[in-house]
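**Student:** Spelled out from the first residue to the last, the chains are:
There are 2 protein chains.
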Amino acid sequence: MANQRLGKQTLCFSTAPALLAWASVVGKKEGQGPLARWFDVVSQDTKFGQETWEKAESQMQKEALQRALQKAFLAPHQLHALCAGDLLNQCIGSSFAVRGQGVPFLGLYGACSTMSESLLVAAMMVDGGYAERAAAMTSSHFASAERQYRLPLEYGGQRTPTAQWTVTGAGCVLLGQGEGPVHVRTATIGQVIDKGISDANNMGSAMAPAAYETIRQHLEDTHRTPEDYDLIVTGDLGAVGSEILRDFFRRDGVTLGERYHDCGLMIFDRARQDVHAGGSGCGCCASVLCGPLLARMAAGELRRLLVCATGALLSPVSTQQGESIPAVCHAVELTTGGQKEG
Amino acid sequence: MANQRLGKQTLCFSTAPALLAWASVVGKKEGQGPLARWFDVVSQDTKFGQETWEKAESQMQKEALQRALQKAFLAPHQLHALCAGDLLNQCIGSSFAVRGQGVPFLGLYGACSTMSESLLVAAMMVDGGYAERAAAMTSSHFASAERQYRLPLEYGGQRTPTAQWTVTGAGCVLLGQGEGPVHVRTATIGQVIDKGISDANNMGSAMAPAAYETIRQHLEDTHRTPEDYDLIVTGDLGAVGSEILRDFFRRDGVTLGERYHDCGLMIFDRARQDVHAGGSGCGCCASVLCGPLLARMAAGELRRLLVCATGALLSPVSTQQGESIPAVCHAVELTTGGQKEG
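Chains Z and R supply the protein sequences, listed in that same order. Position one of the first sequence corresponds to residue 3 (my numbering), numbered consecutively onward. Position one of the second sequence corresponds to residue 3 (my numbering), numbered consecutively onward.
Read the hints as simulated data drawn from the structure, not as lab findings. Honestly, I wouldn't trust all of these hints.
As the list makes no split between identical chains, a pair holds if one copy fits it or if it spans any two.
In silico lysine-lysine, BS3-like type, Cα no more than 27 Å apart, as pairs [as the list claims (entries may be wrong)]: (1) K73 to K10; (2) K49 to K30; (3) K31 to K73; (4) K73 to K30; (5) K197 to K31; (6) K49 to K31; (7) K49 to K73; (8) K197 to K10; (9) K30 to K197; (10) K197 to K49; (11) K49 to K10; (12) K197 to K73; (13) K30 to K10; (14) K31 to K10.
Owing to the predicted nature of the structure, the values given are computational and were not obtained by experimental measurement.
Make the full structure from the sequences, and use the hints.
**Tutor:** Next comes the structure, spelled out in structure tokens:
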């Protein structure tokens, strides 16, 4: 029996599955932000030619999958598994995107942690020999998320300073056995952590403890320090959550410094775009990873990246019933091809 | 690179992960049905001591996990992964059940296919050496499902003849390397199939084509016929869907006969309990598997079982927007210990 484990919560992918291709699709507001030039598709039509916001979200996933497949010269039926999920009730963003495509489908729900969860599961399938090629995909849409989680857009509700702006975006990564510019080396599965935050307009604070626990455990399991990474990114902690994360590590005597960033702070220009504490949503980490981050890795500019997407596992019903917000974070380590295991 | 694949969609678990323990928890109505004596817990209180139906559903998962762990003399932290999901929006049945338990958590969403999806992922983790022990778990609750998907119970809406009754139940299976009375041999990942059924009160018809495609593919990939199985069970096709499944196979010249059954038809006595087309929900397959089916395997009465939980991947919003119902089915092959691979 092969042991593919490191320490308490970390999986080790000894064959280092390659990222064969990836693609990102975003909406208009994301296309006005500082990362605009990195995305494969920036749509001026936030309905993506569809009748409803929910169908628009599905369409984004379809386009992200199609673009990624085109780049790798693959057809959908050449994937042995597609791991995907999203924020919509019953994950209809994903299930309608893959309907009739002839791809074996594993639906995931990790809220905004789905990009790293799907990467982790797809990497395990390829590394273990259960799939020659597998896809990891997720999305979010500002308008479908507002309607489902908060208030009708027409209501024009005031946003609190800690509130974040759900990214309209999707990302898809194709993994396979063999060569590629970027490889998946290890991944740390997170636990469900709940420190009692119950303000659904303060997701960053609710998710920061989960991010801390997973990153801390990852470093412990791999016997590393933050200096071993060119960059550690969280998915969507925003301004409030990422400051809390830095503070947790500071108490341990660890300075994250310039090596740490948050996708929710990268995707929008907070001084110019009215997004309060930053971007959020599954599509935030997905589009930033499949846009600038993987491009910078392919260019050799980043050699070791830790992607730590964080998810708040609440629902409007759990909030109405007075519950606090459980959260989870999964970490996935990506390295450029030439780099040996550290 | 080990090849752990058979044919187009089937994974082969060459180490045959063992089922270390399992447990089932059900509600009052399920305890009045023909399978009552097989369940670990039958609660007369359908709120399971909680204030709300949603918290009751979470409580069922907690109890199922706790019972299964007790039987295997394990503590939660000895699990390297827990794969779970449910029907509630944002899968709060699962996330609140595992909150604070110290278990690495992978959230899944496969609607009522979650029992076989979670078994498949957990088996892959154990077989590939990514976990020494992993859990697969799911639940459903009649009252939380009615409120979310259909109408308030107080409304007293009439049910159509094709409607099914959501099972109040949960099931948890613990898998591990080593010995046990039952082992996981292969699993077939399903595609998302949509044949255009749009009646949300006729889930059996919507899901039957997905069940057919997955079972047909499983038999093709493994070069087997239904006669190679002591029993093939679907999760919750009910009276309408399982007749459609039989018919699809009949057209291929294959008679499923006595070797095929549906958990939704097993759990209730349709002549005596007013459940129309039968039971449904993630908890239907979960409690029937973790109740009578695994007990009959452990007793040597069933030696090779194919568990094919089926999920309808719709949401109330997709139905309101005029969409038809995509469905998925995953199949997991279980055998008793002594049996060699066929």
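**Student:** All hints are to be evaluated individually against the structure, with a verdict given for each.
**Tutor:** How the hints compare with the structure:
1. Taking the shortest Cα distances, K73 and K10 sit within 27 Å of each other only across copies (23 Å), while inside one copy they are farther apart (37 Å).
2. Proximity of K49 to K30 under the C-alpha cut-off of 27 Å is restricted to the intra-copy arrangement: shortest distance 10 Å within a copy versus 46 Å between copies.
3. Proximity of K31 and K73 under a CA criterion of 27 Å is satisfied intra-copy only: 25 Å inside one chain copy versus 54 Å between copies.
4. In the homo-oligomer, the alpha carbons of K73 and K30 lie at most 27 Å apart inside one protomer (23 Å), although the nearest pairing across protomers, at 55 Å, exceeds that limit.
5. For the homomeric pair K197 and K31, neither the shortest alpha-carbon distance inside one copy (33 Å) nor that between copies (37 Å) is at most 27 Å.
6. Taking identical chains as interchangeable, the C-alpha atoms of K49 and K31 lie at most 27 Å apart only when both belong to the same chain, with a minimum of 13 Å there against 45 Å between chains.
7. Taking the closest pair of Cα atoms, K49 and K73 come within 27 Å of each other only inside a single copy of the chain (25 Å); across copies the shortest separation is 52 Å, beyond that limit.
8. In the homo-oligomer, the alpha carbons of K197 and K10 lie at most 27 Å apart inside one protomer (21 Å), although the nearest pairing across protomers, at 45 Å, exceeds that limit.
9. For a Cα distance limit of 27 Å, the shortest separation of K30 from K197 qualifies neither inside one copy, at 35 Å, nor across copies, at 34 Å.
10. Proximity of K197 and K49 under a CA criterion of 27 Å is satisfied inter-copy only: 26 Å between copies versus 37 Å inside one chain copy.
11. Taking the shortest alpha-carbon separations for K49 and K10, neither the intra-copy value of 44 Å nor the inter-copy value of 35 Å comes in at or below 27 Å.
12. Taking the shortest alpha-carbon separations for K197 and K73, neither the intra-copy value of 43 Å nor the inter-copy value of 30 Å comes in at or below 27 Å.
13. In this assembly of identical chains, K30 and K10 lie within 27 Å of each other by CA distance neither inside one copy nor across copies; the values are 42 Å within and 40 Å between.
14. For the homomeric pair K31 and K10, neither the shortest alpha-carbon distance inside one copy (41 Å) nor that between copies (41 Å) is at most 27 Å.
Hints 5, 9, 11, 12, 13, 14 from the earlier list are contradicted by this structure; the remaining hints agree with it.
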